[in-house]
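Chains as they are written, first to last, in the working numbering: chain F, 1 to 218; chain U, 1 to 218; chain L, 1 to 246; chain D, 1 to 240; chain E, 1 to 240.
Simulated from the structure, these hints should not be mistaken for laboratory data. The structure presented is a predicted model; accordingly, all values stated were derived computationally and were not measured. Keep in mind that the hints are not guaranteed to be accurate.
List of simulated lysine-lysine pairs, DSS-like, C-alpha gap at most 25 Å [stated by the list, open to error]:
(1) E:K238 / E:K228
(2) L:K224 / L:K14
(3) E:K8 / U:K132
(4) D:K129 / E:K129
(5) U:K132 / U:K144
(6) F:K47 / U:K132
(7) L:K211 / L:K190
(8) E:K68 / E:K8
(9) U:K49 / E:K68
(10) D:K68 / D:K123
(11) F:K47 / U:K206
(12) D:K156 / D:K228
(13) L:K211 / L:K50
(14) L:K119 / U:K170
(15) L:K117 / L:K185
(16) E:K129 / D:K238
(17) F:K170 / L:K117
(18) F:K47 / D:K68
(19) D:K238 / E:K68
(20) L:K47 / L:K231
(21) L:K224 / L:K204
(22) E:K123 / D:K238
(23) E:K238 / U:K132
(24) L:K106 / L:K47
(25) E:K238 / D:K123
(26) F:K214 / U:K206
(27) L:K111 / L:K142
(28) E:K228 / U:K132
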Amino acid sequence: MDIRWDIIETYAPFFLQGTLLTIGICLASIFFGTILGLGIGLGRMSKHKIIRTPFTVYVDIIRGTPLLVLIMIVHFGISTPVFGISNGIFSAILSLSLNSAAYCAEIFRAGVQSIDRGQMEAARSLGLSHYKAMRFVILPQAIKRMIPPFVNEFIVLIKDSSLASIVAAKELMYWAKAAQGQYLRVWESYLTIAIIYLILTLTLSKVLNRLERKYRTE
Amino acid sequence: MDIRWDIIETYAPFFLQGTLLTIGICLASIFFGTILGLGIGLGRMSKHKIIRTPFTVYVDIIRGTPLLVLIMIVHFGISTPVFGISNGIFSAILSLSLNSAAYCAEIFRAGVQSIDRGQMEAARSLGLSHYKAMRFVILPQAIKRMIPPFVNEFIVLIKDSSLASIVAAKELMYWAKAAQGQYLRVWESYLTIAIIYLILTLTLSKVLNRLERKYRTE
Amino acid sequence: GNTDKQASGGSAKKYKFGTDATWAPQEYMENGKIVGFDVDFLEAVMKEAKLDYELSNVEWNSFLAEVQEGKKLDGGISSVTINDERIKSYDFSIPYFESTNMIITKQDGIKTALDLKDKKIGVQNATTGQTVIEDLFGKELKGLNKYENITMAFMELDNGGIDAVVADNMIVNEYLKNNPNKQYKALYDKTNFASEFYGILLPKGSELKAKLDPAVKAVLENGKYAEIYKKWYGSEPDVKVLLDKK
Amino acid sequence: MIRMTNLKKSYGETEVIKGVSLHVHHKEVVVIIGPSGSGKSTLLRCMNLLESYNEGEIEIEGVRLTDKQTDINLVRREVGMVFQRFNLFPHLSVLRNITLAPMQVRKLDETAAKTKAYELLEKVGLSEKADVYPPSLSGGQAQRVAIARALAMQPKIMLFDEPTASLDPEMVGEVITVMKQLAHEGMTMVVVTHEIGFAREVADRVIFIDGGYIVEEGKPKEIFDNPKHERTKSFLSKVL
Amino acid sequence: MIRMTNLKKSYGETEVIKGVSLHVHHKEVVVIIGPSGSGKSTLLRCMNLLESYNEGEIEIEGVRLTDKQTDINLVRREVGMVFQRFNLFPHLSVLRNITLAPMQVRKLDETAAKTKAYELLEKVGLSEKADVYPPSLSGGQAQRVAIARALAMQPKIMLFDEPTASLDPEMVGEVITVMKQLAHEGMTMVVVTHEIGFAREVADRVIFIDGGYIVEEGKPKEIFDNPKHERTKSFLSKVL
Ligand SMILES: Nc1ncnc2c1ncn2[C@@H]1O[C@H](COP(=O)(O)OP(=O)(O)OP(=O)(O)O)[C@@H](O)[C@H]1O
Ligand SMILES: Nc1ncnc2c1ncn2[C@@H]1O[C@H](COP(=O)(O)OP(=O)(O)OP(=O)(O)O)[C@@H](O)[C@H]1O
Ligand SMILES: [Mg+2]
Ligand SMILES: [Mg+2]
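Start from the sequences, fold in the hints, and give me the full structure.
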């Protein structure tokens, strides 16, 4: 394969810009997705079917909808009509958060349910309310176990963020498509961004692995 | 939003064709991805670092590469040069299998490692080889626990299969884009295929949930 | 360009236009700026119509949805071919560009479009290349592969996965220019490939049509059009065909 | 004081407690014995509403557990429970295990909670383990911390579910010593255990339960040395 | 016959077995006692190469375990092991638990393996449980199945690691009975246990181990009634 290095050189500043935006979009989506996911996960664990059902339906629908379609629905159906914002970055963050929340909810639920029942019983028998038992006893233990699946989810999210280019958020994939359109050549831009994505995901997993190890020895 | 039903009607036979191909691609990828994943997962659990490392690297690289780029690399770099096949469907199945294998390997490893150590020790102390202990004692128990994460992975795979359209495999997304190109209208085709994807993923999780429940009561 | 700002009341309205800038040399990104024939042409037209506007780069899916909706974009210019199906959903300006399709191939056996019948053909989805082939051989042609972008079709041709690519002459020329050492031949077939005409894409019922059509006509007639065409394609355009088309 | 009247409890189709009435008086120590699966744990867990029951009624210190207006957390404060499997919180130090509930439930300030915790650790002989985490404790130590944790809420009643059953034989003694001390201080206690020595020495009453019924009850001497029912005899012949 | 010479074993930095030599003769029954963490399990696990060791040597029936050409699976066939936590295979019926290894390792055909399995189930008193799955067995039943499973490989030596420690008191007897019977039939056995009654009745030799060393060994009578070392005395005073 012949590579035209001058294309990569010309586009380097744009790829840098794109990388920064990609990171920004991912951090924001991870943040909102996780918080929303916690709420939905709690809802799914409710003892009452009436409370549980809407959360279950949310998770099923979001998990079953291709992200491409979700982004378009959010961009045209929610961002402007509901929030009056027609910014692609906003739509990208909103859709990635909604999508990630569904997966985070499942991770969260699995984590909490993996904690030995005895822990909850001991906490309740001391007179702690369900909420306090969760907060002081169950969650601090569950979080450790959730780290590996969360790392997985965040890696997927980073890769998924490339779909933000369809709402014209100028992240990595946007610039890769621009370079491809200009030169009608694929490999220069796509291999470059593939390497950037790889660096981003590997960095993320290294950082979180360290976090996990720290937690474990505590 | 105004919907032109006649577009959906005209394209119905193509969507049906696309659905069948999507199902075919997914089944084949699930099949090969799972088998390959088992092998890689076993490799990652090896006691010897020299054996373990290449599998670990494989998982890290595949998980870190956007599927879009992977499909292009497979299509242009592997399908024709290595196999002499330039069929988009072949490339789609190959890349989805390679991608899915990385995730399946992790699921597999987590499942095996979740089985109590005592089971392996009891099997070995009876004189069973490591391989036989795996086959008759560990795997049959681990498979039950792997079902929920596998369901998750297969759902993601179904949605990911929509990327096969970039190598002109005539699955659902291909026809959605064709309809969009003909009429320059977005919603008719995308909402239709979103519903089809939803039906496919929900069916899959229902079927596998039933399987899981059957296993559990056994 | 940026589409975010709402046109504020008071001053004259700033119209928002979009383009999917991945189609060199008609519209593409060069060092982060949108450039191309369409870009210069739109500028000339808007100047002629004395309208304020801004142009932004929008991915194809969003481009269509936004123009159709008519809120985020007031119009778009992105080498969009006018046809009967599309007129049901959009308004178009009068035609501003004639596009002829070319066949690009390595095979000596292919001399006219009719030779493609049993071959594997690559086109870009939703381009005129696709339309001419479907008009010629019908929609269900087995060997027709619609690629998401034309680059993929060219790569497939390189790879030997398909026998020929059918695309706009400008694109084919641009590709040959970027890949000088590849042994391709490019064929015209004016008898079998009818010309296609591009128009500026507008939402159904747009007030802009009345303002743009005269301006397009003026730019075509006053020599500005030929100037832009020469800048990008190095040859004289056939303005008469366009003016006669209507 | 616990007053249990005709209690019935089923898991799905199978009835596990088939009508048990039991009064435990102030400062009384009741030991429950019985074969595995007879419903001992279930009975104990009902007293703390860790399990709901289907019929009958339980009154703890005059409060009926199933009354709509009863705040179950208020009742639980008064009832300490010690489990077979310790259930210490592994992510908190021994000290924090003990102070968590007093601070969060009784709203004690940190100093007061810590003072009380050190006092209790002293009592169970583990003063030097305050800053250690549960996974590094031996079984006997863990169970003594669990007792201290329950006592920190200053309960009026203590329930023990086989507190020595998962301990190494060497460590059973340490825990029994602490429990005897508690009994002598006048704590109301209900203890499920197979430690016959303990029962003989401190129990005011021994209850033998089988198949969801109370088969026999009486003073330890009567039950152990002179059981009336065939089932009691055969059970004791295996355990003693 | 087991011949262990100056065995040493470390986990990371900490040495757990600090030089143990031990010969177990044909048909001998050796009971190992000692406090928790003293290395009893580790010693037993080394005999089966479930743990590797750092120094010294073990010979089983004349085969040295660390010889390069020794096939560890061949040695393991000759050594049956019973764990504290049964470790039955929960997805296989009791019968399949017992026939798996003979069929897969000894290559017995199904009929022969089943005949043998029924014979062994008869022996441990569980003929009627052949088609049941392990989760529905009581602890005592599970442990007896585990013994039958080990015996199905017709081992020359049986190792037991606290086989009764996680059983309800009622069930200890069933398992001890089976073990006594085995001993009387002349099986070579090494048993880690706190069941002093069993040790007194069937052990040829009792070994007291502490801190990774053999502190004292001798006939059960000598050790239990007249221990020489201070550490042995204090340990026995707590356990007896
Ligand atoms: N959550 C549950 N669901 C269904 N059945 C249960 C549940 N918990 C207990 N049981 C059943 O209820 C019966 C009584 O159980 P319980 O734990 O009270 O017995 P126990 O006397 O404490 O026995 P052990 O000595 O083994 O602790 C048993 O048959 C048991 O199988
Ligand atoms: N996998 C391991 N890694 C690190 N240390 C271990 C491991 N297994 C055991 N140990 C340590 O080795 C020592 C001896 O353990 P071992 O299990 O042999 O004791 P034991 O005498 O069997 O005790 P118990 O009566 O509790 O079963 C203990 O201090 C224990 O903490
Ligand atoms: Mg119990
Ligand atoms: Mg041990």
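Going down the list of hints, with the structure as the test:
Distance hint between K238 (chain E) and K228 (chain E) is fulfilled; the C-alpha atoms sit about 16 Å from each other, no more than 25 Å. Only pairs whose Cα atoms come within 25 Å are accepted, and K224 (chain L) paired with K14 (chain L) is accepted, the gap being roughly 23 Å. Our distance criterion of 25 Å between C-alpha atoms is broken by K8 (chain E) and K132 (chain U), whose separation comes to about 31 Å. At most 25 Å may separate the alpha-carbon atoms for a hinted pair to count; K129 (chain D) and K129 (chain E) exceed this at roughly 47 Å.
Restraint check: the Cα-Cα separation between K132 (chain U) and K144 (chain U) comes to about 19 Å, which is no more than 25 Å; the hinted pair holds. Among the hinted pairs, K47 (chain F) with K132 (chain U) is inconsistent with the structure: their alpha-carbon atoms are about 43 Å apart, more than 25 Å. A C-alpha spacing of about 34 Å is found between K211 (chain L) and K190 (chain L), which places the hinted pair above 25 Å, so the restraint is violated. For the given pair, K68 (chain E) sits about 19 Å from K8 (chain E) by alpha-carbon distance, which is consistent with the 25 Å threshold.
For the hint pairing K49 (chain U) with K68 (chain E), the CA-to-CA distance comes to about 21 Å; that is within 25 Å, so the pair holds. Of the pairs offered as hints, the one joining K68 (chain D) and K123 (chain D) is violated, with about 38 Å between alpha carbons and a cut-off of 25 Å exceeded. A C-alpha spacing of about 22 Å is found between K47 (chain F) and K206 (chain U), which places the hinted pair at or below 25 Å, so the restraint holds. Distance restraint check for K156 (chain D) and K228 (chain D): the Cα-Cα separation of roughly 33 Å exceeds the 25 Å cut-off, and the hinted pair is therefore not satisfied.
Under the criterion of a C-alpha separation no larger than 25 Å, the hint pairing K211 (chain L) with K50 (chain L) is consistent with the structure, at around 9 Å. Distance restraint check for K119 (chain L) and K170 (chain U): the Cα-Cα separation of roughly 17 Å lies within the 25 Å cut-off, and the hinted pair is therefore satisfied. Straight-line distance between C-alpha atoms of K117 (chain L) and K185 (chain L) comes to about 18 Å, which keeps the hinted pair within the 25 Å bound. Among the hinted pairs, K129 (chain E) with K238 (chain D) is consistent with the structure: their alpha-carbon atoms are about 22 Å apart, no more than 25 Å.
For the hint linking K170 (chain F) to K117 (chain L), the alpha-carbon distance of about 41 Å lies beyond 25 Å, and the restraint is violated. Restraint check for K47 (chain F) and K68 (chain D): the C-alpha separation of about 18 Å stays at or below 25 Å, so the hint holds. A threshold of 25 Å between alpha carbons decides the hint, and for K238 (chain D) with K68 (chain E) the separation of about 49 Å lies outside it, so the pair is violated. Only pairs whose Cα atoms come within 25 Å are accepted, and K47 (chain L) paired with K231 (chain L) is accepted, the gap being roughly 18 Å.
A C-alpha spacing of about 28 Å is found between K224 (chain L) and K204 (chain L), which places the hinted pair above 25 Å, so the restraint is violated. Between K123 (chain E) and K238 (chain D), the direct Cα distance comes to roughly 21 Å. Compliance with the 25 Å bound is thereby established for this hinted pair. For the proposed pair K238 (chain E) and K132 (chain U), the alpha carbon gap of about 44 Å is over 25 Å, so the pair is violated. Our distance criterion of 25 Å between C-alpha atoms is broken by K106 (chain L) and K47 (chain L), whose separation comes to about 44 Å.
Note on K238 (chain E) and K123 (chain D): the hinted pairing holds, with a Cα-Cα distance of about 21 Å set against a maximum of 25 Å. A hinted pair counts as satisfied when its Cα atoms are at most 25 Å apart, and K214 (chain F) with K206 (chain U) does not qualify at roughly 39 Å. Between K111 (chain L) and K142 (chain L), the direct Cα distance comes to roughly 20 Å. Compliance with the 25 Å bound is thereby established for this hinted pair. A distance of roughly 48 Å separates the Cα atoms of K228 (chain E) and K132 (chain U); the hinted pair therefore is violated under the 25 Å criterion.
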